[in-house]
Every structure is written in C-alpha cells, then in structure tokens.
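Using the sequences and the hints, build the whole thing.
Residue numbers (full-length UniProt numbering), protein chains in the order written: chain A, 1 to 501; chain B, 1 to 493; chain C, 1 to 96.
Please note that a few of the clues may not be correct.
Not everything, but these chain B residues come out facing chain C in the computed CB check (under 8 Å) [unchecked claim]:
# : residue
1 : A21
2 : P87
3 : R288
Dumping the calculated BS3-like pairs for lysine-lysine here, alpha-carbon to alpha-carbon at most 25 Å [as the list claims (entries may be wrong)]:
#  : chain 1 : residue 1 : chain 2 : residue 2
4  : B       : K138      : B       : K265
5  : B       : K358      : B       : K395
6  : B       : K221      : C       : K95
7  : B       : K449      : C       : K95
8  : B       : K82       : C       : K95
9  : B       : K346      : B       : K395
10 : B       : K346      : B       : K358
11 : B       : K221      : B       : K270
12 : B       : K221      : B       : K265
13 : B       : K123      : B       : K227
14 : B       : K265      : C       : K95
15 : B       : K82       : B       : K138
16 : B       : K221      : B       : K138
17 : C       : K95       : B       : K270
18 : B       : K82       : B       : K358
These are calculated hints, taken from the structure and not from any lab test.
Note that the structure is a prediction, hence the values are computed from the model and not measured.
Using N, Cα and C, we set each Cβ at its ideal position, and we do this for glycine too.
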Amino acid sequence: MGAAGDILELSARGLAAAIRGGELSASEVARAYLEQIDALEPSLHAYRRVTPELALAQAAAVDDARRAGQALGPLAGVPVALKDIFVTEGVETTSGSAILAGWIPPYQGAHARRLAEAGAVLLGKLTMDEFGMGSANENTPFEPVHNPWALSHVAGGSSGGSAAAVAARSCALALGSDTGGSIRQPASLCNLVGLKPTYGRVSRHGMIAFASSLDQAGPMAREVGDAALALGVLAGADPLDATSLDAPVPDYLAAVDQGARGGLDGAKIGVHRGALELEGLDADVRARFEASLTRLEDAGARVVDIELPHFEHAVATYYVLATAEASSNLARYDGVRYGHRSAADSLRQTYEATRHDGFGPEVKRRILLGTFVLRAESYADYYGRAMKVRTLIARDYARAFERCDLIASPTAPIPSWPLGAKIDDPLALYLLDMFTIGANLAGLPAISIPAGFTSAAPRLPIGVQLIGPRLAEPALLGAAAAHEARCDWHREQPQLLEARA
Amino acid sequence: MPIPDYEVVIGLEVHCQLATATKMFSACACSIGGEPNTRIDAYTLGLPGTLPVPNRVAVDHALRLALVLGCEVQPLSRWARKHYFYPDLPKGYQITQSDQPYATGGAIEIPDHAAADDPLATKRIPLQRIHMEEDAGKSTHTGEHSLVDYNRAGAPLVEIVSLPALRSAAEAADYMRELRTIVRYLGISEANMEEGTLRCDANVSLRAWGAAELGTRCEIKNLNSFKFLEAAIQAEVRRQADLLDRGEPVVQSTMSYDPGRDQTKVMRTKEAAADYRYFPEPDMPPLRIDAAWIAAAQAELPRLPWPRRRELVALGLTAYDAGVLTAERELADYFDAALDDPSRAKALCNWITGELLKLLNASERGVADCPVTPAALAELVGLVEDGTLSGRVAKVVLDEVFRDPSLSPRAIVERDGLRQVSDADAITAMVREVVEQHPEQLAQLLAGKDKVRGFFVGQVMRASQGRANPQLVQRALATVLDELRAARGEVED
Amino acid sequence: MPDAASPLVRELASLARLELSAEEAAGFGAQLETILGYIQRLQSVEVEGVPEYLTAEQVRSGLRDDLERPELDAEQALAGVPVVRDRLVAVPRFKD
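Printed below as a string of structure tokens:
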C-alpha cells in the first residue's frame with residue numbers, strides 16, 4: 001500500500017488494522033490526510049483550525065509505540081477531527097462563535113481525552129453552526145462549509161464541517177454533536193453514517209452546551225463499522241458528567257459484524273406512516289425511504305405500522321425547551337472571565353455590547369425566545385407545558401417500542417439545498433428537524449445511514465434514520481450494517497474527489 | 001424596644017456555608033480566605049464545557065441539618081437555575097433549589113422570654129424550607145474597576161428559610177444563635193458570621209395588633225454580625241412605624257443597613273426586582289435521598305442543646321449554667337464524659353465553667369484541645385468532694401495536670417502529700433503552735449479584735465501548706481481561744 | 001398570543017443583556033411572532049395530569065465524593081481572563 005488515494009479510501013477500521021499490522025505507518029497516514037486537507041479546504045471550509053504539528057507528533061508517537069512493541073489503542077493512528085464544540089486543551093475552541101474566538105481551553109474535554117487515549121491522531125477542529133444552532137452551517141461568523149457532493153449546496157448542520165470533512169476524506173472519522181439532529185441531518189446530506197447515542201451514553205464534559213438535556217456527542221463516519229469503533233471508545237460513565245450513564249459498554253463492532261452477516265431475523269421495524277404524509281416531504285426522499293425498508297426486509301426484518309400521536313408537536317416542544325436551555329447556557333458569555341469583551345464604560349454596557357458583538361443573529365434569536373419562555377409570566381404556558389408534552393412524546397416512543405424493535409423514518413424531509421436559499425426563514429429551517437427531534441426529546445439512540453441519491457441533478461445524498469430504545473445502540477448498528485451490506489452507496493466518492501482524481 | 005402600636009413580624013433567610021473539603025459542584029478546594037483566585041477550577045470559572053457534579057458530603061451535611069430540625073426530607077428534589085447577570089456569578093445563573101427543595105417544614109426552638117417562671121421554656125419557630133445552593137464570588141470596588149475573587153464561588157450553602165414567626169429583633173438574634181449552635185453541634189459548618197460562613201437576610205413587616213393579614217415586608221440584606229442583625233431590624237421597625245404613623249404605605253423593597261447612621265435604606269423596590277427565570281437544572285439528575293441514607297444519617301445525629309439543657313437542669317444545675325455548658329457541643333460532651341456521679345453535677349459544672357474555662361481561655365485553647373481529660377477532671381472533683389483535697393490545693397493540682405496531662409490528680413496528691421489534713425488533734429496542735437508563735441496578735445484577738453482571727457487561720461494554712469481542712473482550723477482555733485480565755489479568767493480571778 | 005412586537009423584544013433583550021439595534025429589534029420581533037405563533041399549537045395538547053419530563057432520570061446517583069481533584073492551576077485558569085488586576089478579575093466599576 002501507500003498511494004495516498006488508497007489510504008484515504010480505507011475505512012477507519014481498515015486504517016487501524018493496517019497500522020496495527022504494520023502495513024501503514026501512522027505518520028504516512030497523517031501526512032496523506034493533511035495533504036488532502038490542504039488541497040480541499042479552499043473550496044470546502046470544513047476546518048476551523050488544522051493542527052498539523054499535533055497530528056504528526058501523535059502519529060509519530062503511535063509509530064514509536066508500535067516499534068517498541070507496546071499495545072496500541074483501538075483508534076491508534078486513525079486521523080480524526082472534532083467539531084469545534086469539543087474542548088481541546090491548548091487548541092483554540094470556539095463552538096463556532098466570535099464570542100469565543102481565540103479562547104484556548106486550559107483543560108481537556110472527555111472526548112479529546114478518550115480519543116487520544118485510544119491512539120487517535122487529531123487533525124483539527126471542524127466548523128459548525130454557532131453553538132450548534134442551525135441546519136446548514138450558515139450561522140457562522142466564519143466561512144460557511146460547502147457540501148463535497150455539490151459545492152454550491154449546504155453540508156447540513158450544525159455538524160456540517162464534520163460531515164463535509166468525512167465525506168471529502170479530509171479525516172477518517174469525525175465527532176459531531178446532536179441536539180435536534182445535528183449529527184444525523186448533515187450525515188444524511190453528505191452520504192454518511194451519523195450516530196446519536198442514548199442520552200448519557202457519551203459524556204458531555206468538554207462539549208460546549210447548547211441544550212443540556214438534549215445534547216449528545218456521537219461519531220460521523222463513512223461506514224457503520226467506523227461509527228461502532230468510535231462509539232466503543234467514547235461511551236461510558238464519566239465522573240465529571242452527572243448525567244452520564246454507567247451501563248456497561250457492549251461490543252459494538254461485534255453487533256455490526258453480526259448485522260452485516262445478515263442477522264436481522266425477525267426484527268420488527270416500526271413506521272409511523274402518518275409522518276410521511278406531512279407537508280414538505282420530498283418525493284425522492286420518500287422513494288429512497290421505501291427502498292430502504294425493502295432492503296431491511298430483504299435482511300430479514302418485518303415492517304410494522306406504529307403510531308406516534310404527538311409527532312407533530314415535537315418541533316414546537318423542541319424549540320421551547322432547546323431555546324430555554326440555550327438562553328441559560330449562553331448566559332456565561334459575558335466577557336468577564338474569558339472570550340471576547342467589547343470595551344464599554346459601564347458594566348451593563350460591557351455585557352450588552354459584548355453579547356451583541358459576540359453572538360450571531362440565530363443565537364440572539366434563540367436567546368430571546370428562550371428568555372421569553374422562561375419568564376415568570378410565560379413559564380407555565382410555554383416551558384412547563386412543553387416539559388409535559390415532552391413526557392407525552394417519550395411515552396409515545398415507549399409505547400411504540402412495545403410493538404417494534406426499531407423505528408425507521410427519513411432523516412431529513414429534503415436533500416441538501418443551495419447555500420443561502422433558506423437563511424431568512426428560521427421557522428422553515430426548524431421544521432426540517434421534524435424527524436430527528438423526537439430521539440433527542442426522548443433521550444433515544446438514533447442513526448442516519450446512506451440510502452441513495454436524488455434522481456435529478458445535482459446528485460445529492462439522502463439518508464434514512466433508525467431510532468432504538470434506550471441503550472439499543474447494538475441493535476441500531478446491527479440493522480444499519482445489514483442495510484449497508486445490501487448497498488454500495490457508502491463507497492461512492494463525492495464529485496469533488498472525482499474531479500480531483 | 002417596644003413599639004406598642006404595631007406587632008413586629010420577622011422571617012429570616014439564613015445562609016450557612018457547609019464545611020467540606022471541596023465545593024458544592026466541583027472537586028475544587030474550598031476554604032475561607034487566602035490569596036484571591038487561588039481556589040478556582042474550570043467549573044468555578046464557568047468555563048465552557050464544564051458540568052456540575054454534586055458533593056455527596058455537602059448533601060449529607062444538609063440532610064443531617066434537616067433531620068435535627070425535624071424537616072420532612074423529600075425523597076426526590078430538584079436542582080434549579082436562578083438567572084441574573086453579575087460579575088461574581090460565573091455562569092450567569094446560580095444552581096439552587098427552587099420549587100422542589102430537599103427539605104420542608106421543621107422548626108427551631110428559641111428561648112421564650114415571656115414565660116418568666118420557666119427559664120427553659122421555648123418557643124418553636126417553624127421553618128418553611130431548607131435548600132442547597134452554590135455561593136457566588138466576592139466583588140470589591142476600587143478606582144475605575146470592580147474586582148472579582150472567585151475563591152468563594154461554588155462554596156456549598158444551605159439556606160434555611162423561617163416562616164414569619166419571629167416577633168422582635170431579640171428573637172431574631174436568639175434564632176440565629178440557636179441555629180448557629182445547632183449547625184456547630186452537627187459539625188457541618190463553622191457558622192461564623194464575621195467570616196461569612198453564616199449570613200442572614202431579614203424580612204420585616206409591621207401590622208396592627210390583632211390583624212390577620214401580614215403587612216408589606218421589606219428585606220434587609222447582608223446582616224453579617226449579631227449586633228447589626230438586631231440593630232438593623234430595630235432600625236427598620238422604626239422606619240416602617242414612622243411611615244405607618246404618618247399614614248404612608250410601606251413599599252416592598254430590598255433594604256441595606258448603614259451602621260454608621262443606624263438606619264436602613266432602600267436598595268431597590270419590588271418593581272425593579274429581577275425575573276430570575278428559574279427552571280430545573282438539566283445538567284444533573286434529580287437528587288434522590290432514600291430511606292437507607294436517611295437512616296444512616298439519623299443514626300449519627302448528636303443530642304441537641306435544648307434536651308441537654310433540660311437534662312442538666314434536672315441534675316440540679318441552674319438554667320444559666322446549663323446554657324453555658326451547652327453553648328458548644330464539645331463542652332457539653334466534656335461535661336457528660338466527666339460526670340461519673342450525678343450528685344457531683346453542680347460541683348463538676350463549677351469546676352468546668354470556672355477554673356477549666358479560665359485555663360483554656362488563658363492558653364487560647366478550645367475545649368477540643370483541652371489537655372485535662374474528662375476522666376482526670378472527674379477524679380479531681382471526686383478528691384475535693386470526698387474531702388481528700390482542699391479546693392485551694394485542687395486548683396494547684398488542676399494547674400499542674402493542665403501543664404502536664406501525663407500526671408493524674410491522684411498521683412500528684414500522693415507524690416506531693418497534698419491530702420487535706422482532717423485530723424482534729426493534729427490541727428489543734430498546729431493552731432496551738434501558731435498561737436504561741438504570735439503573742440502580739442493573740443493579745444489583739446483576745447482584746448476583741450476579731451479581724452485577727454483570719455490571720456491565724458492563714459498562718460495555720462501556710463504551716464500546713466494549704467492542706468489543713470479550713471473548717472477544722474476554724475473550729476480548733478475557737479476551741480484553743482476558749483481554753484486561753486478560760487485560763488486567763490482563772491488567773492485574773 | 002402575546003404581542004411579540006418591539007416592547008417585548010426590548011424587555012427580553014434587557015433580561016438577556018443583549019444590545020439590539022432598532023433594525024435587529026424589529027426583525028427579531030417579527031420572527032419571534034412567527035415562531036411563537038407556531039409554538040401556540042402546544043396549547044391544544046391535552047396535558048392534564050401529565051408530569052413534566054424528568055431530565056436525566058436514571059439509576060446513577062450522580063454524586064461525587066468530597067475529594068479534591070487538582071484539575072488546572074489557578075495561573076492557567078486566569079490566563080484567559082480579559083482584564084486581571086492583582087490576581088483579581090477586573091470589570092468596569094459597578095455599584096452594589
């Protein structure tokens with residue numbers, strides 16, 4: 001081996017095996033990826049910051065360890081990149097906001113630490129919608145990211161940089177965060193596997209909060225096996241996160257291999273047909289979804305109808321709760337202790353100018369909305385009521401899982417759209433989250449997997465989502481692997497790369 | 001301070017800092033004072049990505065307080081965020097408990113001064129609730145800057161909220177003292193008002209006697225000493241009474257107290273009050289305190305001051321002495337440990353509150369560091385009570401044990417031959433000897449100068465190195481004088 | 001439905017310490033009105049007797065032992081503070 005193109009086409013799992021077996025050195029792999037980043041970034045803008053020195057040093061350490069006969073971690077030598085929402089000690093972390101521009105964290109977050117301990121090589125930090133608020137990566141004071149499948153189109157959001165980088169082979173694996181679909185939606189728009197684990201499965205320590213009760217970190221990968229490999233490294237209790245779960249971490253790769261060999265016998269896949277009749281579902285998306293159901297049936301699954309009676313209230317519930325928590329979580333950005341401070345005469349003016357200058361329009365919009373719903377006079381009608389509807393939504397899923405093992409739906413109602421096309425209509429963008437939000441509200445694991453492409457040009461990826469009961473990541477990964485084993489979409493290269501080749 | 005036209009109604013909100021090694025929600029060292037911003041960590045500064053993880057010991061401390069005060073402990077309570085922007089509040093919100101605190105109800109007993117015939121009568125001041133929260137940092141103001149120290153930020157607090165059941169500034173101070181004593185008994189807080197580990201806000205209102213409705217209340221903030229607590233409440237009562245006398249309404253306000261002018265002044269009115277936008281803290285699971293935890297905490301609770309005061313009075317002590325002995329748990333425990341014979345309770349009390357506390361104060365030591373063990377003091381008191389030691393010599397022996405705790409009182413007595421001489425013949429012999437040695441004074445005495453009697457007792461005590469039983473000396477002196485008078489009368493006849 | 005016009009936006013911005021230009025306030029006012037209009041649908045959901053969702057409800061207590069865990073030294077922590085005076089974090093002077 002050795003040709004850069006070959007290295008870049010290996011899965012993360014394949015790379016780890018090749019490096020462990022000595023067929024590839026971690027250093028040559030890191031160099032191949034750094035060259036790819038250099039070549040593509042001018043048109044992609046997936047990276048907020050590239051860390052070549054760090055990457056090469058970590059890669060050299062992996063190579064040294066291998067030569068010394070030391071045991072290598074499960075991700076040894078695999079080049080990864082982190083959404084800029086993840087705190088990285090000594091490496092600027094902004095959460096996509098001007099208010100944190102230049103902030104160098106003095107501590108290491110759980111994700112960067114676990115990845116480093118597993119031997120991963122950090123290529124850099126990936127762009128995102130500011131504080132995770134957005135569906136297109138256009139809510140940013142920096143350059144918006146472009147979709148490698150159609151550069152004029154959005155890569156999705158808020159983990160758009162992560163999706164673009166993985167799809168463009170600018171990293172082997174990336175971490176995203178998902179509050180209402182921010183891993184799954186960009187994965188579906190970029191032909192990737194995106195996994196949002198059960199709430200609490202992965203620590204939130206060192207993941208800059210957007211909406212604490214909904215946020216969850218997860219992997220974005222080209223193949224199901226890569227997502228499983230990463231989840232195995234990330235999952236587990238963390239004493240620094242009181243909401244992290246201490247359930248044992250199962251062997252996710254075994255579940256993938258079992259699913260890939262065809263083991264979906266008898267699994268019941270639930271479909272809430274009513275959701276497919278809602279306004280705004282793209283015809284190609286619907287067709288690809290039905291085709292995926294057929295594929296799952298081919299793998300031995302049985303499709304059953306289920307009802308989610310409060311499905312159409314999920315978006316409204318989400319935008320009350322997520323903005324309430326966001327308005328609270330973002331109160332700390334006041335220019336006093338870190339980050340941007342606008343000069344002003346009085347303390348009050350310092351606060352107001354700092355927050356005016358530091359936050360972008362979507363963040364301000366959500367802070368205002370969140371402040372509104374938490375005010376004493378609107379609390380009961382808005383926040384309190386939404387928390388009750390959230391209970392009903394969680395109960396809907398619990399009841400549905402009495403009838404089925406997994407729930408399938410499209411990931412996003414539409415494929416990618418041209419940059420700038422929807423930026424002025426926040427509500428229309430919020431409604432695009434309708435399929436993904438339920439899993440966040442109910443704390444359930446969910447995965448988006450490649451399901452084909454649009455029929456007309458530009459050829460845009462489409463994803464399908466599977467949702468499981470709490471801690472059912474093995475079942476999700478198994479079903480995703482069974483689906484993946486029956487198609488080749490995950491092996492396709494975006495136009496951007498074909499053009500380069 | 002009677003304001004006869006109005007009934008004074010006071011409720012207190014007391015913040016008490018829990019004594020823990022680390023802060024409420026992060027594993028950051030937590031101690032008072034020191035260089036600014038030396039006890040801070042990523043969470044304390046509110047750095048992005050940090051999360052609160054509650055301190056089990058802080059919760060356990062809070063639980064004990066709730067149990068001794070008879071609160072109802074909630075099996076499930078919630079953390080909540082309270083929002084306001086202030087430089088000493090690192091996250092823009094304080095984590096506290098709002099609509100679901102961990103403890104509700106309960107009461108604190110204070111002395112009932114109205115019951116003049118019973119010095120141990122108490123009045124129950126019912127509590128509304130107790131909740132846990134994290135403290136803010138501290139701001140100082142200088143030149144063009146305000147400067148913030150976050151050492152205190154995140155320190156664990158309990159807030160004890162009383163119902164408006166206090167009726168005077170004196171009662172408010174009594175309530176604070178009882179609460180301070182209780183938390184110190186529990187060992188859960190230093191509870192020092194000067195150091196800020198015990199702080200108080202007072203809600204004060206007035207109403208016409210007999211009125212059912214409460215008057216409009218004002219809250220006096222940051223009362224940081226017992227003196228200011230009483231003075232501030234009195235000043236606020238005066239202010240409100242003046243308003244009402246003039247027929248003007250009291251406006252619900254937050255007040256501060258100016259000790260220089262002995263006046264309260266309005267900081268802000270209710271209209272300007274913030275909307276704190278409370279909501280359940282999503283970064284932590286609800287707090288669960290199960291029956292097993294409650295039982296374990298219950299099993300380790302100390303006995304409280306009021307029951308102990310009653311026990312001490314039953315032993316024959318005065319209410320005053322009982323109050324002194326129970327002011328600190330260490331002292332009450334010391335007394336209990338030293339009390340080997342209930343009939344000696346009064347004597348033991350006198351020794352503890354007299355000589356022992358004098359020695360401790362002189363050496364600037366607390367009861368916990370007392371070199372004299374309770375057993376040694378009990379032995380000493382026993383020696384006095386059974387007549388082996390005179391009180392005067394016993395003081396000397398106590399001094400010596402205090403200096404060298406390896407010695408026991410009995411050993412010192414034996415070593416130095418300090419047993420009290422109660423042999424009447426021996427004492428009479430000493431008296432005769434002294435009388436013979438001082439003919440001049442004898443003549444004065446016999447001439448009727450009775451004052452000189454003391455001189456002879458003193459001489460005998462000196463001759464016996466303090467060991468002579470003073471009562472026997474008096475008796476022997478009287479006998480010898482009678483003999484001499486009789487003899488002289490015979491001569492003159 | 002609440003009036004989401006400018007006075008409300010001003011009040012919210014003040015609570016949230018956000019300076020807004022007149023143009024921003026007007027724009028946000030209109031958008032909030034649309035979004036709140038959509039959220040109104042929740043008022044039609046029957047929630048009688050339904051408890052509020054318990055976030056992060058789980059088996060683990062989530063409590064920690066009272067042990068100091070040195071994480072970063074104070075100098076590192078202070079390194080990112082915009083203005084420091086004698087180890088203290090400085091802001092424009094304000095009154096208590």
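**OP:** Find the hints from earlier in the document that the structure breaks and name them by number, from lowest to highest.
**Re:** As far as the earlier hints go, 7, 18 are violated by this structure, in ascending order.
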